[in-house]
Amino acid sequence: MKVVAVFVNLIYFLLLAPFLEGVMRKLTAWIQSRKGPPLYQPYLDLLKLLGKENLNSGGNWAFRLAPILSFSSMLAAIALIPLTGQANILAHSSDLMTLIYFLTLSGFCLLVGALGSGNPFAAVGASREMMTTVMLEPVLAMLLILGTVRIGNFSLSAAVSGVAVSRGGSYFLMLVVYLLALQAFAARQPFDIAEAEVEILEGPYMEYSGPNYALLRYTLNLKRMFYAWLLVSCFLSFILPANFLFSLLLQTVLIIVVFVLISLIGATHPRFRIDQALKYYALLLILALIAVGLAVKGW
Amino acid sequence: MTILSGFWLFWLSLLLASFLALILKKKTNYLRSAGTLLLCLSCLILILISLSILGKGGSPLEFEVKVGSFHLPFLIDGLSALFLLLLSVLTLASVIFSLDFVKKYKGDEFWKYYLILPLFIGGLAGLLTVDDLGPGFTLAWQLMVISSYLLIRWGRPTKVSARPALVYLLFMEAAWLMITGSAFLAKGYIFGDSLGTVGLKLAQSGPWQAILFFSLLFLGFGIKTGVFPFGQWWIPDAYSTAWPQVSSLLAGLLEKTGVFGLIRIFFFVAKSSGAAFNPDLWGKVLVVAGVITLFIGTVQAIKQSDYLRLLAYSSIGQVGYIIFALGSSLLAWNSSLPLAKSLASVIFIAAVYHSLNHGIFKGLLFLLGGNLLYATGTRDLNRLGGLLSVMPVSGFLAAIASYSISGMPASSGFVSKWLMISSNFLAGRDSLLLTLSGIVALFTAAFTLACYVKFFGLAFTSAGASWKLKRSIKEVPWKLLASEIFLTVICLSQAFLPMGYVKLIDRSLGLSSGFLLSEAGGDLLSGKMFSLKIHDGQSLLAATSPLLMLFLIVLLAFLAYWFSRSAHPAETKVPAWLCGYQDLNLNNVYADRHVFSDLKKFFWWTGGSPKKVIDDNDPTVLPDSQPKGEVE
Chain E
-8 MKVVAVFVNL IYFLLLAPFL EGVMRKLTAW IQSRKGPPLY QPYLDLLKLL
42 GKENLNSGGN WAFRLAPILS FSSMLAAIAL IPLTGQANIL AHSSDLMTLI
92 YFLTLSGFCL LVGALGSGNP FAAVGASREM MTTVMLEPVL AMLLILGTVR
142 IGNFSLSAAV SGVAVSRGGS YFLMLVVYLL ALQAFAARQP FDIAEAEVEI
192 LEGPYMEYSG PNYALLRYTL NLKRMFYAWL LVSCFLSFIL PANFLFSLLL
242 QTVLIIVVFV LISLIGATHP RFRIDQALKY YALLLILALI AVGLAVKGW
Chain A
226 MTILSGFWLF WLSLLLASFL ALILKKKTNY LRSAGTLLLC LSCLILILIS
276 LSILGKGGSP LEFEVKVGSF HLPFLIDGLS ALFLLLLSVL TLASVIFSLD
326 FVKKYKGDEF WKYYLILPLF IGGLAGLLTV DDLGPGFTLA WQLMVISSYL
376 LIRWGRPTKV SARPALVYLL FMEAAWLMIT GSAFLAKGYI FGDSLGTVGL
426 KLAQSGPWQA ILFFSLLFLG FGIKTGVFPF GQWWIPDAYS TAWPQVSSLL
476 AGLLEKTGVF GLIRIFFFVA KSSGAAFNPD LWGKVLVVAG VITLFIGTVQ
526 AIKQSDYLRL LAYSSIGQVG YIIFALGSSL LAWNSSLPLA KSLASVIFIA
576 AVYHSLNHGI FKGLLFLLGG NLLYATGTRD LNRLGGLLSV MPVSGFLAAI
626 ASYSISGMPA SSGFVSKWLM ISSNFLAGRD SLLLTLSGIV ALFTAAFTLA
676 CYVKFFGLAF TSAGASWKLK RSIKEVPWKL LASEIFLTVI CLSQAFLPMG
726 YVKLIDRSLG LSSGFLLSEA GGDLLSGKMF SLKIHDGQSL LAATSPLLML
776 FLIVLLAFLA YWFSRSAHPA ETKVPAWLCG YQDLNLNNVY ADRHVFSDLK
826 KFFWWTGGSP KKVIDDNDPT VLPDSQPKGE VE
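Line order of the protein sequences matches chains E and A. Going by the working numbering, the first sequence runs without a break in its numbering and finishes at 290. Going by the working numbering, the second sequence runs without a break in its numbering and finishes at 857.
Treat the hints as calculated values from the structure; they're not laboratory data. Fair warning: there could be bad hints in the mix.
Said to hold, decoys possible - With a Cα cut of at most 27 Å, we get these calculated DSSO-like pairs of lysine-lysine:
#1 A:Lys826 with E:Lys270
#2 A:Lys496 with A:Lys384
#3 A:Lys281 with A:Lys728
#4 E:Lys39 with A:Lys798
#5 A:Lys758 with A:Lys566
#6 A:Lys509 with E:Lys288
#7 E:Lys270 with A:Lys825
#8 E:Lys43 with A:Lys798
#9 A:Lys753 with E:Lys(-7)
#10 E:Lys17 with E:Lys43
#11 A:Lys337 with A:Lys704
#12 A:Lys329 with A:Lys798
#13 E:Lys288 with A:Lys566
#14 E:Lys(-7) with A:Lys758
Let the hints inform the model, and build the full structure from the sequences given.
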């Protein structure tokens, strides 16, 4: 059963992630008074991209390997998670640091690929993406450490369930921080600074095409879904029922609600400049630090 | 052959190497082979000595040498043997690297290098083996300082090297004064007492003397390891001035002898001095100093355009991690929670593990910096780019080294940081200081990543070195690469055999008598060869397995590969697309000074802004002996 759970994780995320992008596109279109593509459009896009030509502007192995490794380390992170609060077989040899570093690795591969393409626009995007990672990854880490501090266990399932174990000051402060950081985690407006289509032409993705691009898009979808899942299972774990199927169902509904939220904010906000965003992230960092401090003191 | 005679043989071959350099002088080829052979021989002897002490049935070696009226106490226990092992491995790599490197750079003057290098190695080995703060320490320290001063001085044209070398010398002498002077605070101290005796005598001195004693030693060894702000004053200049293979020893080992000194003082002398040592106070001092050092050092590293300075600043940051872990270990040991008390030794092992890891990958990175210098002649990241296609082997090794130092999954840096950070959070559950400094340490890990993405990305991927330098760039000779492959293999073993190294460190601590944490209690750390686990009774607190992580990523990468190639797409090589109007050329490259510019601005208050990068072939720094004004 614990082995099957790993596959359930992977299949659940792989199947649902493009659909959520469809939700996001549809909603954005409605807000902008357009009809919008059908909900299954992202699946078709992926299939179409798989059949296209791979263009290689870098001419080195770093450029070619990057999308594959970015995708696989994102999946590796997903394989570890306790989907409905139950730890799976991988929990015996991983913990929350493994998860954080798998997520970082996924972003890191994208950066190396972008720099490997030799395109200066991609390099600008990579530089921005790295700055975002530097400032945002600690917020994610602090969320999980909050759970660790509460329970006194470094494992991932303890960290995830520990956040909502008692709902005091630190819980609510961390919830506020996470909601404020959500757009940035999802790389949507006002924080799609690294891609910024009209400004630097999709930045790190610029030189990628065909199947390589399909992998990177898929990775982005998985990443967004992961952060939505984390919000639901860290902060709302106490409302999820014990039954696996019901729990999964309710989780899916809640994840879709989170995506509605992301699309609403995304469609109605202009983009920040990177220097403005850095100040915003610094504020989040300080608030998250205070939240962890409160948790250490038992509040 | 006894261990003691091996030790003398080691010194003999070092001195012989130095002596031959004096005789052979201009016969460069003989000089190179003889020097290399003798240095390698002495490294091998040193490896044998360390292994026979650490191996089965080994025991610490203690002896005294009489020089005139002075007694010099020597002690090679488990901890010394471990650091001697690191020394010999790094020296082997550095010596093999120099074989071809010196040929290109120093003309027929390099006999001076072979004259001094053995003395430098001897000084380092001496520091790791002497067991006093008096004459023996002074001898070893001065040998190390003066020889490394000369090596730094000769690393670049005098105009740029004179000042950094002098600053280095002054700081080291100040540190020496503090360290040897501190022992006089112990009541009834006689110049030349062994460390254990100093501790016992300190126990009978007043409380203020004890605090002053530990402060002076903390400052002295702190200067040597590069604690903020001392590190910033000498490390970046010194490391970027010396030859890369010397910097590799400076960063890989010279800094670690400072860590070794701190360990000797705060975990050995502290024990024998009993109540005179206040673990709470010194734990806090080390944690705060470590956290400030690791944060400031790493943020400053991001700002550098000179890749040797970047590596130097980042080694300040990495040493900060080690000092932080040492302090956190003291605090955990002093804690009232039984779990924290038994985690203290885990955090300590993490500190030693990180010292070994950092020694290897920073040594490797400096050698790779040497590759770049050898192949391109510039130390400016702004002028590099796209070297991956012309220097594939160097690029691959640099990728592994950068990956390891960033502590990414399934790397040696990950293992030691995991040990350090997970046990720090578990032990410091109720301590605001430990939790918050653990978070800063995690936060800084992301900066380290940014730093090495920049280093690797701008030198090896990206584009442009051939236009910017207007020369053809070739892969470096195989001897340079061989030494780096040797270090890379060790670096990988540190990643995938974590339990092996933990056992080695554990054994070395078992072979060191008078260790503060030896009675700290339970063995929480367990695991098979490939994995590590922290257990408290039945419950699993934290676990990691680099090999499994690698397996997971590779397996899923095959899945990704299969998925992305399922429609058999064609692949075409195209030029980078710049909106259709332009080609990729000199003016269209994203240079280093722009990378992370907003982040650099945001952290302006950390200081360490980059200096103008001056290369050795720049006309303004060529030696004065060059003919002047004869152009007409």
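Structure-based check of all given hints:
no. : hint                    : verdict
1   : A:Lys826 with E:Lys270  : 11 Å, holds
2   : A:Lys496 with A:Lys384  : 48 Å, violated
3   : A:Lys281 with A:Lys728  : 13 Å, holds
4   : E:Lys39 with A:Lys798   : 21 Å, holds
5   : A:Lys758 with A:Lys566  : 17 Å, holds
6   : A:Lys509 with E:Lys288  : 19 Å, holds
7   : E:Lys270 with A:Lys825  : 13 Å, holds
8   : E:Lys43 with A:Lys798   : 14 Å, holds
9   : A:Lys753 with E:Lys(-7) : 21 Å, holds
10  : E:Lys17 with E:Lys43    : 25 Å, holds
11  : A:Lys337 with A:Lys704  : 21 Å, holds
12  : A:Lys329 with A:Lys798  : 36 Å, violated
13  : E:Lys288 with A:Lys566  : 20 Å, holds
14  : E:Lys(-7) with A:Lys758 : 19 Å, holds
Of the hints listed earlier, those the structure fails to meet are numbers 2 and 12, in rising order.
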